[in-house]
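Residue numbers (my numbering), protein chains in the order written: chain D, 1 to 325; chain X, 1 to 325; chain U, 1 to 329; chain B, 1 to 329.
Think of the hints as simulated: they come from the structure by calculation, not from any bench. Since we're looking at a predicted model, the values are computed, not measured. Check before you lean on any hint, since a few could be wrong.
[To be verified] Okay, derived cross-link-like pairs now, DSSO-like style, lysine-lysine, Cα gap no bigger than 30 Å in a straight line: (1) Lys255(U) <-> Lys255(B); (2) Lys139(B) <-> Lys139(U); (3) Lys188(B) <-> Lys188(U); (4) Lys204(B) <-> Lys139(B); (5) Lys139(B) <-> Lys204(U); (6) Lys168(B) <-> Lys168(U).
[Stated by the list, open to error] Just so you have them, the derived chain U footprint on chain X, three or more residues with Cβ under 8 Å: (7) 96-106; (8) 120-128; (9) 144-156; (10) 192-202; (11) 213-226; (12) 267-280.
[Stated by the list, open to error] A few chain U residues facing chain B, derived, Cβ under 8 Å: (13) Gly155; (14) Lys204; (15) Asn259; (16) Ser260; (17) Glu264; (18) Trp265; (19) Ile267.
Virtual Cβ for every residue (Gly too), placed ideally from N, Cα, C.
Okay, here's what each chain looks like letter by letter:
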Amino acid sequence: MAEIVIRDAIANGLREALEADERVFLMGEDIGAYDGAYAVTRGFLDSYGPERIRDAPIAESGFVGAGIGAALTGMRPVVEIMTINFSLLAMDQIINHAAKLRYMSNGQLSVPMIIRTVTGGGGQLAATHSQSFEGWYASVPGLRVAVPATPYDALGLLRASFKQQDPVIFAEHSLLYGVRGDVPDEYYEVPFGSAAVRRHGADVTIVGYSRMARVALEAADRLAQKGREAEVIDLRTLSPLDIETVVESVRKTNKAVVVEETWRTGGFAGEVASAIQEEAFDYLDGPVARVGGLDVPTPYSLPLEQATIPDAARVVGQIESSFGL
Amino acid sequence: MAEIVIRDAIANGLREALEADERVFLMGEDIGAYDGAYAVTRGFLDSYGPERIRDAPIAESGFVGAGIGAALTGMRPVVEIMTINFSLLAMDQIINHAAKLRYMSNGQLSVPMIIRTVTGGGGQLAATHSQSFEGWYASVPGLRVAVPATPYDALGLLRASFKQQDPVIFAEHSLLYGVRGDVPDEYYEVPFGSAAVRRHGADVTIVGYSRMARVALEAADRLAQKGREAEVIDLRTLSPLDIETVVESVRKTNKAVVVEETWRTGGFAGEVASAIQEEAFDYLDGPVARVGGLDVPTPYSLPLEQATIPDAARVVGQIESSFGL
Amino acid sequence: MKAAVNLEKTEVAEFYRRMLLIRRFEEASARLYMQSLIGGFLHLYIGEEAVAVGAISLLEPQDYVITHYRDHGHALARGMDPKACMAELCGRATGASGGKGGSMHLFDASRHFMGGHAIVGGQLPIGVGIGLGIKMQGKNAAVMIFFGDGAVNEGEFHESMNLASLWKLPVVFFLENNLYGMGTHVDKTHAAGRDIYNSAEYYKIPAVQIDGMDLLEVREATTEALRRVRAGNGPVFIEAMTYRYRGHSMADPVKYRENSEVEEWRINDPIDRFKALALEEGLITTEEMEAIQKEVAEVIAEAIDYAKESPFPELEVIHNNVYAHRTSK
Amino acid sequence: MKAAVNLEKTEVAEFYRRMLLIRRFEEASARLYMQSLIGGFLHLYIGEEAVAVGAISLLEPQDYVITHYRDHGHALARGMDPKACMAELCGRATGASGGKGGSMHLFDASRHFMGGHAIVGGQLPIGVGIGLGIKMQGKNAAVMIFFGDGAVNEGEFHESMNLASLWKLPVVFFLENNLYGMGTHVDKTHAAGRDIYNSAEYYKIPAVQIDGMDLLEVREATTEALRRVRAGNGPVFIEAMTYRYRGHSMADPVKYRENSEVEEWRINDPIDRFKALALEEGLITTEEMEAIQKEVAEVIAEAIDYAKESPFPELEVIHNNVYAHRTSK
Ligand SMILES: Cc1ncc(C[n+]2csc(CCOP(=O)(O)OP(=O)(O)O)c2C)c(N)n1
Ligand SMILES: Cc1ncc(C[n+]2csc(CCOP(=O)(O)OP(=O)(O)O)c2C)c(N)n1
Ligand SMILES: [Mg+2]
Ligand SMILES: [Mg+2]
């Protein structure tokens, strides 16, 4: 068991795959000479050389498509899109191609490709650089979406991603790279489609993922100070979505709030909330609540930005106003 | 009062704007010499010439961006993206630029641009050509989204779109161009953010938009044969979303089903369903139901395609199973 | 027209047969479309047969082909079974992809025919990636990417040319310049005009422009291209000037061009020209040709019957092959 | 170095002042960033001042400027108030955009400074559209689009070049080739290598490559470019070879290049060179220069104070300017 940060958990997972499987290679902007925009691939170029740590031109559509093609020939590309904001430039390749080739070819083709990217706001990067599109990808049949919030999950889900035969969007949160946590020395995986109950409690269920899973825990701590025990569920993957674990919890607590960083209107939290009431309506004391980002392009200025992105105080406030807790 | 098809309603609205305002121009693939992929702009090139009916190269990002730039100088571009499937190639321009410039400049810039595009499946166009992304656009702050289902609304919303100072996604359904309906001779507009109650009934509320609003009506007809009266609400615009009209209806019927063509998981119907239970929980007899497209890339083969896209039978079936009606 | 002197008699028969097969297949498709046996969009390759047949006939089994939605010609040239192809167009369970892809999305992985891509330009980066996969695995193979003059305007064209050249990938960029992207003439969409092969120079990619109505010229250029590519010198670019006689798709009323333009191109019909030359040079006899015509007619009739008689897919397959492992949702 | 003979003394003073203003502004920004008064990503323009000042000084008020995230230099060269600029960087209510845009997204519509765009390549089609708007309205204006060597690899570059040429738009494509896109050298990402101006030929766009460290050469090339553009002959392309002394952003540890490379470029520092030349040719005196230095220092100090003392925006503005009309949601 070692305590490491998420950045290193991912780096370790990548190194492990690069060493175990010569079909694995990395491709993306500034992953080599620059060491990675978020320093995840630091030192990789020296270890594995420029063929396997392939610095790409700034051409998201081009190199994502190249990843698809390489996967079709039997390689296992890990394509890095520097941030999910830039994935809009590759969206056609991801959605109209990677996600559909298996189906349209009736299983003749498969695209075992991992797209690593960075999601979320919070560093004053302003509107073009603070978005969270993982929920959109999660709605696209043919794609898998992982959204780890701990070093353990980051490594475990990355390992599981390498086992997938389908394209995986692996969304890392920019503010979580430095988060520490225990990682076993023995090999393990975190399966896709299994949410984690991060904290047990009987009073309310808080559902989150990625950084919002941590915000949910923070909110639970605050509630605990008021004598309320929240159950906190970290979805870990959005596709597949483990709604069963969520519903089971809600059947116990009878109250649910879903927390998400993206714009509240039309977010993936709407899926989760809808599904909860579909599956557990008779158990609910009141409507499933949602806490989301404000419906504005993320402003640059710190106080405005802070008011835009959900935090523990807002989650607690929502729980108070929704459920009187 | 004249009975016309949606195609002509839109063509009339475009001609009206072209004639009233010299800042208005059209730009897109094959809108001129070809007369428009869906023949909406038939004859326009002759009437207005190649400067204002501007055939563009197949470069979605390029000409959408060009529309943004032209709007910044005071023009009123109507940019046509042949179908919403191809809008993925322009998504960066739409979401990272058009939607954000007003906010990031604190109101210094504005992008009064209409993006006309064609949404939906149903013509055996298969996976890459049968998608419905309007719900994604509706979640993006800074964009407006219109989804007309009748000639009256098509013209009325188009007129309202020309009054908007913000980018509008005007999503026309490929299968609705031939739908007939009455359109007054006098000038009128359909305001954004006002849903239409298409049919009154007390037993269940069916919410839809675009072609699914028509499917909802069909389902209501079938229910009527069973002696059940459904209230049918056509959202008409997704942004702004007129949830009040929906909630008001649900408070009366106590039952709601939201119908949408896109993939059920993560669709905009999740927003509507979540909002309904947030606003009208105590009025609900049971969970808000959703009927959506199957979570598969749309198959080409006719029977498979038909099973993928929601139809009246599925809506009626859902209402039966959800509410025993 | 190039001289046919270096051709074997068996080759001549095969090229003639293959071009005719495509032509007849397309004509049959048009009929089935009019009878509503084929749905969706249908894009015919009639007039362009020499390109696919000339180029693809030079590939080895380990090579790859990728193309756009006007793909029947490339698929058949690569050896796809006409029955499976026609059944796919008719949406049948016996189709190449069980009816899931349709006309615009044909695939035959066993022959390294990688589609059939209906988003203009989308196959370009994927083709480049196939080249990357080939190179990284040290395979002795090439990838041939077909695309149209309209696709050249997409940003992905630029990105793909740059990547392929930068990484010296074994890619043949095969441009089928039929002068139109849907209803819009290349002169109206492409600042450089119709000599698109000139674009390659900047990327340091060798390029030629050829008569795409001449099977022998196509073969000559392709031979040279493959020689370079197989030598590990990176990508090459071939622009074949060609023409589609029919509309862009069956839905196209073709108002944007004069019929006289079509007639002019028909004078250089690739099949007629090849036929005349082969006869002239004594590489085929009228009888042999008639036998081939008869054989092709039978293959087409068989394909139609096969397609018509095949069942539609069962609804239960609808959730298959979304993912490698079938999931409940 | 070009001869400065045609310059007025007032111009010389102004160019010097403007370049120095940018340099000092950037240095101050770096300090404020280290003090956490500026957040987000901060990209400094130090070393490239001659480009923005040389080029933009030739524009008329009705012309437009659009650029990428490394935008302080262009904004200040276009006349943005340093106070409003610094306040924006500090996220204050008094900032150019009330703190909503930040360093990467500066705008000054009154001066036709159209941003400040942080998605690489994104400003290219928008700039082209500005050119289209100008042309369709028959305005006597041009648009100058600044972009980097990294942006050239994006598909939008290709699409934009094609559109601008096809429609003969009044666009100056102004490439600031500082040899790196983030940490990746242009030779490693661009198949054609560093002489990117050669790309323009295929699009039929006249192009030159110039020394971007020489204000006078920048002005000469820009003058000629604007002459062509204003004559209605369509776009032109200028590639200015330049260099950023600092890292890509303040977050960049700069491990991908040798310090000696930076030192070599510093020898040609645009401000030093211009200063030396102006002194040599007697177009400015040491005293005049010192006065300018003092004035600039004061302007910067004032801007810093202004920014620091300005309030943060009130939370209630958060929903303003999402749409033209404020909505509840
Ligand atoms: C990204 C995208 N934009 C638009 C379309 C619609 N469309 C289909 S084919 C076509 C024309 C393509 O022309 P070209 O590349 O020359 O190929 P050709 O049809 O002539 O063989 C267009 C505009 C599309 N399928 N994808
Ligand atoms: C579409 C997109 N991809 C990647 C990035 C991340 N990024 C920001 S600046 C940059 C380098 C751009 O280099 P260049 O165009 O040469 O401009 P310079 O910074 O050298 O002035 C990159 C990769 C981005 N902002 N947008
Ligand atoms: Mg063509
Ligand atoms: Mg650069």
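Right, here's what the structure says about each hint:
no.: 1; hint: Lys255(U) <-> Lys255(B); result: 59 Å, violated
no.: 2; hint: Lys139(B) <-> Lys139(U); result: 58 Å, violated
no.: 3; hint: Lys188(B) <-> Lys188(U); result: 34 Å, violated
no.: 4; hint: Lys204(B) <-> Lys139(B); result: 23 Å, holds
no.: 5; hint: Lys139(B) <-> Lys204(U); result: 39 Å, violated
no.: 6; hint: Lys168(B) <-> Lys168(U); result: 35 Å, violated
no.: 7; hint: 96-106; result: violated (count 0)
no.: 8; hint: 120-128; result: holds (count 6)
no.: 9; hint: 144-156; result: violated (count 0)
no.: 10; hint: 192-202; result: violated (count 0)
no.: 11; hint: 213-226; result: violated (count 0)
no.: 12; hint: 267-280; result: violated (count 0)
no.: 13; hint: Gly155; result: 2 Å, holds
no.: 14; hint: Lys204; result: 6 Å, holds
no.: 15; hint: Asn259; result: 27 Å, violated
no.: 16; hint: Ser260; result: 26 Å, violated
no.: 17; hint: Glu264; result: 26 Å, violated
no.: 18; hint: Trp265; result: 25 Å, violated
no.: 19; hint: Ile267; result: 31 Å, violated
Against the hints set out earlier in the document, violations occur for numbers 1, 2, 3, 5, 6, 7, 9, 10, 11, 12, 15, 16, 17, 18 and 19.
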